[in-house]
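Enquirer: Make the full structure from the sequences, and use the hints.
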Amino acid sequence: MSDEYEHKLEAKSDYAGDASSVSTPDIDAVPDAELPDQELYHSHSWWTTYVFSQDAKYIGIQYALTAIGTGLLGLVLSWLMRIQLAWPGLGWLEPSSYYQFVTMHGMIMVVYLLTALFLGGFGNLLIPLMCGARDMAFPYVNMLSYWAFVVAVVVLLASFFVPGGPTGAGWTLYPPQAITAGTPGYNGGIILMLISLILFVAGFTMGGLNYIITVLQLRARGMTLMRLPLTIWGIFTATVLAMFAFPALLVGCLMMTLDSLLGTSFFMPAMVSLGETLTHEGGSPILFQHLFWFFGHPEVYIVALPAFGIVSDLLSVHSRKTIFGYRMMVWAIVGIGALSFFVWAHHMYVSGMNPWFGFFFATTTLIIAVPTAIKVYNWILTLWRGNIVLSLPMLFSLGFIVTFLNGGLTGLFLGNVTVDVPLSDTYFVVAHFHMVMGIAPILVVFGAIYHWYPLVTGRMMNETLGKIHFWITFIGSYAIYFPMHYQGFVGVPRRYYEIYDSPYIDVSTLLLNKFITIAVLIVGAAQLLFLYNLFASARLGKKAEKNPWKANSLEWQTPQMPPEHGNWGKEPPKVYRWPYDFSVPGAKEDYIPQNQPPSEIIGAKVEKT
Amino acid sequence: MIVALSIFLITIGSVAFHFWSPWWWTEVASNWGNMDDTILLTFWITGAVFIAICFFVAYCVWKYSYKKDRRAEYKPEDKKLESRLTWATAIGVAALLAPGLVVWNQYVTVPKDAYKVEVFAYQWGWKYRLPGEDNILGKTDIKYINDENPFGLILEDPNGKDDLLVDAQELHVLKDRPVKFELRTIDVLHNFYVPQFRGKMDMVPGIVTYYWLTPTRVGDFEVLCAEYCGTGHYAMRGRVIVDEEKEYKKWEAKQITFEKMLAKNRKNDNLQLVKKDK
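Protein chains in written order, with my numbering: chain A, 424 to 1032; chain B, 161 to 438.
Each hint should be verified, as a subset may be incorrect.
Here are the simulated DMTMM-like pairs of lysine to aspartate or glutamate, each with C-alpha atoms no more than 20 Å apart in a straight line [stated by the list, open to error]:
| hint | chain 1 | residue 1 | chain 2 | residue 2 |
| --- | --- | --- | --- | --- |
| 1 | B | Lys406 | B | Asp380 |
| 2 | B | Lys235 | A | Glu699 |
| 3 | B | Lys424 | B | Glu316 |
| 4 | A | Lys1011 | B | Glu412 |
| 5 | B | Lys303 | A | Asp1013 |
| 6 | B | Lys406 | B | Asp336 |
| 7 | B | Lys409 | B | Glu316 |
| 8 | A | Lys1028 | B | Glu233 |
| 9 | B | Lys287 | B | Glu187 |
| 10 | B | Lys227 | A | Glu699 |
| 11 | B | Lys299 | A | Glu1030 |
| 12 | A | Lys1028 | B | Asp229 |
| 13 | B | Lys287 | A | Glu1012 |
| 14 | B | Lys227 | A | Glu1012 |
| 15 | B | Lys303 | A | Glu699 |
| 16 | A | Lys1031 | B | Glu316 |
Hints are computed from structural coordinates only; laboratory data are not their basis.
Expert: Laid out in structure tokens, this is it:
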């Protein structure tokens, strides 16, 4: 529209014109490879192929299935506690079990499902393929990373079977309550939780170094950083964040373990516990909160950035349109990532830290809204004048936009320190974070699974089942969390086993609890439909053609689909452009894959990328 | 079509729910009505953005749904549009932030004429302590807490002698007088929360936190613990009653000073000793 744009177009057509007049293979030139082709480990036995696999694609699937399996437990736990909240008269759960389920549900969903699925699952599957590499930089370490994750999950689940049961300290594990009597699982469960987290961090570090080094070092010839799909930018930035954030969690866990087992006082002040004075002295509970949220806030973006990246690609492919403002999108991802380390204490406005910090953290928090808003604008401007295919991935992406928009805007309430005072620790917070980092990323996960399923299995998932799954999940979860904000306005506090009929709480608020629970049960049950589709389609699904969505990125351009070990056959691909050349004027097809040389698309008025 | 319509209806439904659902905040009973105003301002700004973006998405889905013979527009960037949107967002965000920070400044600045009340939290209940005639709360240390000295007052501190000890779940406060709650816990984290007062602050063992407010209407309000504190968290309720001066004085007169309580305990001890001698 702008003059600048017209000007650019002119320059572009000059470039294209030159090319057509000369038409030598020169225009296909890409710089020489800086590294020799990767040598891979080839498995010899069933064990090394299917169990201790070193193929990133396979490890990705292992990660994804383990994470989804653990997530199912988290889902069932949410059913159990919602039933308790809706019908407190049944005496369905003990208070202690209620708190244990709340804790395990939260930790499982945030760490063991979402983090593991986005980075371990999609990261492993997509990084080598989208970068044009044969595998991760360190396949053996990659395998270790997965198995450390498995051990972490086993230790976590073992805590259900120790005396006292799993910890019921809330997923934030705040001391002193996490390790003092009065909280369920204060001596057995909490220790296993801490050990499990330590193992997770160790395993994740092995994987994370792999993702970072692979993206930086093993990209195909011609694949510059500014030609990477946004999926990779999202996963890459999230991994960098994780490398900085997880150490804070790690030391927090170690220090709390010492406090609990050896009687140190990192987080433990002099205090009384159920009538007895403890021997601890001089520690600071708020120190733990700083460490936890220094990890915990970037953690939100560790989940969100891969979702941002993936949804950008899904929107672009399925609306047959260039992602709008690619460079702005990249800088927004990087900017959000950097800023996310300066906002952690907005979780602590009323924690008892020096209240003057509120000014600083409210300001940084609202600043982060700007790059986030830019991302939303660019998604919807990608739809504008697109050619929108309402495929399953597109449906879930649209669901994501609505959900994320809602959850993002309520973040402006909570981030603004004054507004946070009445709303913090109420159901408003619960509704906000489920909307923004529960439902929104999960919708992207579903979209991504429907999108990349043919790449993994060579078959398509069932569209009808998928649509039923979409509508129930999208409308259902909106029906769960939208009204829940208003419970927060009433002032219903979170982490209450039972609200009783408090004088300020209307009967209708209790009725709303029943409505929400029924929606939870329905939405949860709809996920069984998805699981059936997931497993049955591997056998029964329609055979997928090669590159079924007509996408440009490299993962669809492998010689075989699904790609074989080593991905690229004899020669790794050469990259000539970014992955968003859709509907280029003058081109024959409405897409130009990244590895299609310019000499094959002469006449297409493509912008230089 | 169905998709566009659904997004449209979800937007309309959300707005309708906002205005016509019965769930809204309780009538405010303190000076923090301006927190409600900040929330309302946030609602207007974010609500407008929500509606605009949802409608835009619905329109796009309806207008640009797939047609085989049509091509999408090829337009990777539009610097002018992008920078306009960025600035508009920045201004909107600043409009939200500025009033928020002003109110926060009031929240953390305690007026000089506020009188003090110590809120004392334990697993799982509340006690209160008033400074007495000297208007100074005596120093405490948890190692002195025992049956005779449930608040752990330091005996050597003369300021503590006239402190009024309220060993009950119920507190009275004065209408229209700013009160500073000094928040103390002897065990784990808690949070002193009265929904109608809007204020909130965690209580942390080892330090004394605070917030202040001016009650604005007479009434009987429920106190809840708003920071998870163990199995009994949900049952940690208390009451705050806002009184006019006259009723407040009546209640205050019934409370016992630390000095008197010690004397009473000693008398009890002596009685017990006498009993034992027999």
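Enquirer: So, for every hint listed, does it hold in this structure?
Expert: Hints, one by one, checked against the model:
Between Lys406/B and Asp380/B the alpha-carbon distance is near 16 Å, which keeps this suggested pair within the 20 Å criterion. In summary, the hint linking Lys235/B to Glu699/A is not supported, as the alpha carbons are separated by about 70 Å, beyond the 20 Å threshold. At roughly 18 Å between alpha-carbon atoms, Lys424/B and Glu316/B fall within 20 Å of each other, so this suggested pair holds. Distance check on the hinted pair: Lys1011/A and Glu412/B sit about 88 Å apart at the alpha-carbon level, beyond 20 Å; violated.
Simply put, Lys303/B and Asp1013/A have alpha-carbon atoms about 77 Å apart, too far for the 20 Å limit, and the pair is violated. Using a Cα cut-off of 20 Å, the hinted pair Lys406/B and Asp336/B holds, with the two alpha carbons roughly 13 Å apart. Only pairs whose Cα atoms come within 20 Å are accepted, and Lys409/B paired with Glu316/B is rejected, the gap being roughly 29 Å. Of the supplied pair hints, the one linking Lys1028/A and Glu233/B holds, its CA atoms being roughly 12 Å apart against a limit of 20 Å.
For the hint linking Lys287/B to Glu187/B, the alpha-carbon distance of about 26 Å lies beyond 20 Å, and the restraint is violated. At roughly 74 Å between alpha-carbon atoms, Lys227/B and Glu699/A are farther apart than 20 Å, so this suggested pair is violated. For the proposed pair Lys299/B and Glu1030/A, the alpha carbon gap of about 73 Å is over 20 Å, so the pair is violated. Restraint check: the Cα-Cα separation between Lys1028/A and Asp229/B comes to about 19 Å, which is no more than 20 Å; the hinted pair holds.
With a C-alpha separation of about 75 Å, the suggested pairing of Lys287/B with Glu1012/A is violated against the 20 Å cut-off. Of the supplied pair hints, the one linking Lys227/B and Glu1012/A holds, its CA atoms being roughly 14 Å apart against a limit of 20 Å. For the hint linking Lys303/B to Glu699/A, the alpha-carbon distance of about 10 Å falls within 20 Å, and the restraint holds. Restraint check: the Cα-Cα separation between Lys1031/A and Glu316/B comes to about 81 Å, which exceeds 20 Å; the hinted pair is violated.
Of the hints listed earlier, those the structure fails to meet are numbers 2, 4, 5, 7, 9, 10, 11, 13 and 16, in rising order.
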